[in-house]
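Number of protein chains: 2
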Amino acid sequence: MAEDSNMEEIPEAQCLELLASHFVGRVAVVAEGRPLILPVNYILEGRTVAFRTGTGTKLDAAPMGPVAFEIDEVDPMYHSGWSVVVQGVGRELTGALDAWSTTVTARHLEPWAAGAKEHWVAIAEPVFSGRRITR
Amino acid sequence: MAEDSNMEEIPEAQCLELLASHFVGRVAVVAEGRPLILPVNYILEGRTVAFRTGTGTKLDAAPMGPVAFEIDEVDPMYHSGWSVVVQGVGRELTGALDAWSTTVTARHLEPWAAGAKEHWVAIAEPVFSGRRITR
Numbered sequence: 003m004a005e006d007s008n009m010e011e012i013p014e015a016q017c018l019e020l021l022a023s024h025f026v027g028r029v030a031v032v033a034e035g036r037p038l039i040l041p042v043n044y045i046l047e048g049r050t051v052a053f054r055t056g057t058g059t060k061l062d063a064a065p066m067g068p069v070a071f072e073i074d075e076v077d078p079m080y081h082s083g084w085s086v087v088v089q090g091v092g093r094e095l096t097g098a099l100d101a102w103s104t105t106v107t108a109r110h111l112e113p114w115a116a117g118a119k120e121h122w123v124a125i126a127e128p129v130f131s132g133r134r135i136t137r
Numbered sequence: 003m004a005e006d007s008n009m010e011e012i013p014e015a016q017c018l019e020l021l022a023s024h025f026v027g028r029v030a031v032v033a034e035g036r037p038l039i040l041p042v043n044y045i046l047e048g049r050t051v052a053f054r055t056g057t058g059t060k061l062d063a064a065p066m067g068p069v070a071f072e073i074d075e076v077d078p079m080y081h082s083g084w085s086v087v088v089q090g091v092g093r094e095l096t097g098a099l100d101a102w103s104t105t106v107t108a109r110h111l112e113p114w115a116a117g118a119k120e121h122w123v124a125i126a127e128p129v130f131s132g133r134r135i136t137r
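Chains A and B supply the protein sequences, listed in that same order. What the first sequence shows, in the numbering used here, is residues 3 to 137, in sequence order. What the second sequence shows, in the numbering used here, is residues 3 to 137, in sequence order.
Be aware that a few hints might be false.
Unchecked claim - Covered by chain B, per the in silico footprint, the following chain A stretches (three or more residues, Cβ under 8 Å):
| no. | segment |
| --- | --- |
| 1 | 28-37 |
| 2 | 67-78 |
| 3 | 82-92 |
Please keep in mind that the hints were generated in silico from the structure rather than gathered at the bench. From the three backbone atoms N, C-alpha and C, an ideal C-beta is built for every residue, glycine too.
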C-alpha cells in the first residue's frame, strides 16, 4: 500500500533468524478477558518459542490458551525498527516425556528473575509475522 | 519473597517517570479471544498513555476494550532490567472535544510507520505496575 510505503513484511525465515538471535521478548495472554503482557527470557528450538514461568504468576493463564509473543528493536536516531510476533497456543511442557518436549526443556534457559520457575511453556501452532519500518 | 529476592517493585511515581522518558512501547489487546501485541509510538500526558492507530489495523480492537501496554529495558551484560506495565481501557479520542481529549490529541505524536493514523487511542482507568530485576 502506498500509504504504508515505509513498512515491509519480514518473511518467516528471517523472523526465525531474528528470534534465534535474541533472548528477551514479551508474552501476552488473556486472563479473565483482559490482556496481560510480561517480558520473559526465551529460547527458540526449531520453530518453537519456549519460556519458563513460576507457579502463581500472571502467566498461569498461558498454558493451553492463546498466546502472543513479540520481540523488537528500535533505532531512535533513524525512526526505524522491526518487530516479530508469534501467535499460537501455550503448551505446558513440564514433565512431558515426548521427544519434542524433552528436546526443548533440555535447553539451557535461566530466567533473570530469581525464584523457582518450574513451568516450561512452549508456543504450539506458531504463526510468525514480522514487519520492518524504514525511514 | 525470598525466592524472588532480586526483583523489586517500581512505585507508581517512578513508573510514570520511566513512561515519560521513553517513546516506544507494546500494546496488547484481545481480539476474538486471542491476544494481539504490537509496538507503537506513544506519548504520556499526565497519567494517560496515548497512541495513534490506522483504520483497519489489528488495533481496531483496542478502543473501548481492555488494553495492556508495556515498556522495558534490558541489560544483557548484567542480566538485569526493568519493565513497566499499564493496564486499562482503550478509549477512542478522535474527534472528542472535551478538555482532556483535546489536551492529549494536541500533543505531537508522529508514528514512525507512514500512513494515515487517524485514530487516537488513550488508556483510561490506568493501573501502573513495574518491576526491576537486579543481579
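Checked hints:
Evaluation of the coverage hint for the segment 28-37 of chain A: fulfilled, as 7 residues show C-beta separations to chain B shorter than 8 Å, against a requirement of three. For the segment 67-78 of chain A, the stated coverage by chain B holds: 8 residues have a C-beta nearer than 8 Å to a C-beta of that chain, and at least 3 were required. Evaluation of the coverage hint for the segment 82-92 of chain A: fulfilled, as 5 residues show C-beta separations to chain B shorter than 8 Å, against a requirement of three.
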